[in-house]
Amino acid sequence: MVKIEVHKFSAWFGANRVLRDMEMEIFKHEILSIIGPSNSGKTTFLRTLNRLNDLNPYFRMDGMVELERQDVRSIDVEALRRRVGMVFALPLPLPLSIFENVAYGVRMHGEKDKKKIASKVEESLKQGYLWEEVKDRLDESAFKLSGGQQQRLCIARTLAVEPEVILFDEPCSGLDPISTAKVEDAMVQLKEKYTIVLVTNNVKQAARVGDRTAFFLGGELIELDKTDKIFTAPHDKRTDGYIRGKFG
Amino acid sequence: MRNPHRTQNIAFFFLFLATLLIVVPVGMIVVIIIQKGLPAINWQFLTDIPRQGMRAGGIFPAIVGTLYLVTGAIVFALPIGLLAAIYLSEYSKDNILNRLIKLAIVNLAGVPSVVYGLFGLALFVIFFKFGASILAGSLTLGIMILPIIITSSREALESVPQSFREVSLSLGASKWQTIRHIVLPNAIPGILTGTILGLGRAAGETAPILFTVAAFYLPQLPKSVFDQAMALPYHLYVISTQVPNVDEKIRYGTALVLLTLVLFMNLVAIIIRYKFRKKKKW
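Residue numbers (the numbering used here), protein chains in the order written: chain A, 1 to 248; chain B, 1001 to 1282.
Hints should not be assumed to be uniformly reliable.
Calculated lysine-lysine pairs in the DSS-like style (CA-CA distance at most 25 Å, straight line) [what the hints assert, rightly or not]:
1) K120(A) / K135(A)
2) K135(A) / K1278(B)
3) K1278(B) / K144(A)
4) K226(A) / K237(A)
5) K8(A) / K226(A)
6) K237(A) / K193(A)
7) K204(A) / K237(A)
8) K182(A) / K126(A)
9) K204(A) / K191(A)
10) K135(A) / K115(A)
11) K1275(B) / K144(A)
12) K1175(B) / K120(A)
13) K144(A) / K191(A)
14) K112(A) / K1223(B)
15) K226(A) / K3(A)
16) K204(A) / K115(A)
17) K126(A) / K144(A)
18) K1175(B) / K114(A)
Calculated directly from the structure, the hints in this document are not laboratory data.
Kindly produce the complete structure, drawing on both the sequences and the hints.
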């Protein structure tokens, strides 16, 4: 079933066109990996889905981006961001305690019941595979955690808002291999309940976790197919070149 | 052959000399004021009204007047300045009008204080008919320190990393929630710094209160905000230049009290700021 549909979608920053005539469907409960060299528009695409690009006054878009057949621009932006969560490239804990980081979104959406907040925090930390490591130090600053733990905290924080879609923007770019494996495990588990879009510079990561993989180049979608197809018999020569490491 | 190590030592020497040139005068001012003023300080000096044409007695009404004026100025200027800073840093678009506003505010900080005094006289004393009063004086001082508070608050708000804002918004928080719960708490130390600077300036200026509030001699304490009041800087000016034969130690004593008051206010703000900084978690 289609969760997100993109049709004739282009985007600009000022006069600079960064995405061109995108056509894409993202299905429920899949992990869609987006690969491509720097400046190919991957992150801009991702940030269109939760309208974070709107923060840039020079951003402009054309065409159609729909979440469950509703134009993202017609959905109230705060409601949209609740439904489409995001995990950023670097671990970005808020300057709060571990507990308050996860509770933040829940509180901001008006939940006042302390027991409900506490149980939501516990549940989310468990889903983010962090609970066992932090359950005795929830009141400590989130900055005392290691980088990998911080990133799983950010995942838990996103989960606490109960989104439908989670956008991962190169979530392992600052992590060591063991932490990366943990984050990848979490993503694979999460697709049972969520739709996941993963932007990654790590081609092998796309091969490991993605159900389908899209290849972006110079602001265009070159190819989108099942991950094993992309990695064994890509349609386009440029895709083949990129995954073999010939450019990018 | 040039010896880089020697060049470096010479450079260090001059840098140190420059620092010394700043520190020594400040230190001397403090030392001289304490040396000459301390003998005047006693309980009566701090709690009595001026007597014998201000040649004896104390400076209690001036201390109280200055405290009222500074409090009034901060009560007026901090909320308005903070709200203006929030608008300028978080909401205003980057266009020519807003750039002009920001430039104007920065430049207002450099306007001579006597100009604020005249402005306060025209607007508050005469136009709004507040008369020469604590209200008019506080508002004038408040307007004088607004640019300082706005500029430093804006810088404090803008120094909060953009990524915190993005994270908060990405979790579905509204813009105001983001400002209220993420941006403001992390900007408080910087905002306090601006408030400290404003406080010190409001307490020490003579010109803005000259036409708007300051009484030459007023033995009783003000009863309402529409009363005139004595104030330490103006009192110091009066006993230094307008009244003959005032004992030197009374003048320096008054200066010492003013200096201590400002330092004490700064100290309180620094402690508050330190407490917030310790809570800062990144």
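Hint check, failures only = Going through the list in order, the structure violates hints 6, 13, 14 and 16 and respects the others.
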